[in-house]
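Q: Build the complex from these two chains, which are given one at a time in their own frames, with help from the hints.
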Amino acid sequence: MISILLVEDHPAFASVLVRLLRKSGDLEVTEVARTAEIALQKLPEQEFNLALVDVFLPKMSGISLVALIHDRYPDLPCMMLSGHILDYYVQRALKAGARGYVLKDHGDEIIEGIQHVLKGETYLSKELRHA
Amino acid sequence: MPEQAIHGLTNARRDSMSTSSILLVEDHAAFANALLHILNRNGNLNVVAVAETAEQALEQLPELEVDLVLVDVSLPKMSGISLVAALHEKYPDLPCVMLSGHLSAQYARRALDAGARGYLLKDNPMGILTGIQHIVKGEIYVSEELGEV
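Quick mapping for you: the protein sequence lines, in order, are chains A and B.
With the first letter of the first sequence counted as 1, position 33 gets the number 33 in our numbering; the numbers rise by one all the way through.
In our numbering, each residue's number is its place in the second sequence (first place is 1) plus 1000.
Among the clues, some could well be false.
[Unchecked claim] Far from chain A, some chain B residues (derived; all Cβ distances over 12 Å): (1) Lys1077; (2) Ser1143; (3) Glu1148.
[Unchecked claim] Dumping the calculated DSSO-like pairs for lysine-lysine here, alpha-carbon to alpha-carbon at most 30 Å: (4) B:Lys1090 to B:Lys1077; (5) B:Lys1137 to A:Lys59; (6) A:Lys59 to A:Lys95; (7) A:Lys104 to A:Lys59; (8) A:Lys42 to A:Lys23; (9) B:Lys1090 to A:Lys95.
[Claimed, not checked] Which chain A residues face chain B? A few, computed with CB under 10 Å, are given here: (10) Asp9; (11) Phe13; (12) Val16; (13) Leu20; (14) Leu57; (15) Ser61; (16) Ile63; (17) Ser64; (18) Ala67; (19) Tyr73; (20) His84; (21) Gln91; (22) Arg92; (23) Ala93; (24) Ala96.
None of these hints come from the bench; they were simulated from the model.
Note that beta-carbon positions come from the ideal geometry of N, C-alpha and C, so glycine has one too.
Next comes chain B alone, as it looks inside the complex (with noise of 0.2 Å):
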């Protein structure tokens, strides 16, 4: 993610209540590319910073007001599920979501173990929107792919 796209992310729509700003942690590129597309388009969803790993992301987060991380379960260092754990450590009010790309209860659980508010499925862009609008009320979701967790 080039800087001044970041930049540019950081200052749109800051102004608006009703927008839950987001951190996404994820060091693939096109998947990136994809879920802001996607997210910034819909129109109270604001992807305000990426990080590519935990620790920038980790780095990033005191500088940063956001409602919402969304981690790649598969990060290069230190792993996804790692970071959940240590900001449901750190910012226990702060939701984290498990972005993945394995249909699998056990992953789901090991992140829902960790602290996360939600489990959904990468190939599932419609799911990724339906979960985010549900943990941001508060909710747990899980991708409905994977059935009971």
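Chain A on its own, in the form it takes in the complex (with noise of 0.2 Å):
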């Protein structure tokens, strides 16, 4: 089983995504975290492989929770969760350590993204790959 870290404050998207990836087969989103800050307390208590960060956070901004997590734990892999293209924001996440960056609408790619990075690769949603 593949365990996620979710920081995301919007409880219904975080809902449908947790459906969504456990549908998949061995993707289990194993902790919400509705903030940056809430997800920094979540970490060290366990184990995760993957965290899908949204970039939209109150207070501490998603990209500079990416940026903490790149540093003090640079074998977890981040991918970024977005509702919009926004290059700027692309561009910032991926200098922060990002290894993804999806649209949260196309949930396929949110899936294909996560096996992707897995793999040690990175990944952009396709709208984005001219960024």
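A: Printed below as a string of structure tokens:
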């Protein structure tokens, strides 16, 4: 089983994504954190294989969280989730250490992205590949 | 920013009383585009013009009716902080907000000392939205990631 930390402040999207990933087989969201600060508290408590991080988070941003995870847990890959194509934030996220950036409304790409990132590759939603 | 885009923005939602009109001073096109998208999809914020330099902003301002100026800290020639200081003197009732890539309390302090009503981190899109909502109500707001300044 692949253990995933989901950092997402919208409960409705979080629950849809949890179900979607579960249906896909061995992907299990074992923790949902509604803020970056909660995610930082949860990280030492269990071993995750991947962090899925929303770019738009209250208080500390998703990009700052990814930079901190990249620094403190360099072996934990992070993939960003975003509702919009915003090249600036894609570039900033990759610079912060994110291994992927996918659009929230493309469920198939979220799963495909997770699989690529777990293999050590970098993955961008198709619509972002010119960025 | 193409001229027709600015023209289109200038005419957008101007009639709404509750909308805050914003001048964005930013030379980095990718960030300006991202911010336009984030702010203009929010119901009560409307970026009516974008200036790429401090000098352009000073030239455009007398012709614009804006409620707020968002200023990038790093601008070519005249710096963002100098622009904020100049605007604070010339238009004391017009709130200016610093946008910055630097998570630095020292930068934030300098911006506030120059007269900025806020210091917002570019990497935090939700923080920018939250900050602007506080600042248009007359409050001073610094990105939460900076803690106490």
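Q: When the structure is checked against the list of hints, which entries are broken? Sort them ascending.
A: 2, 9, 11, 12, 13, 19
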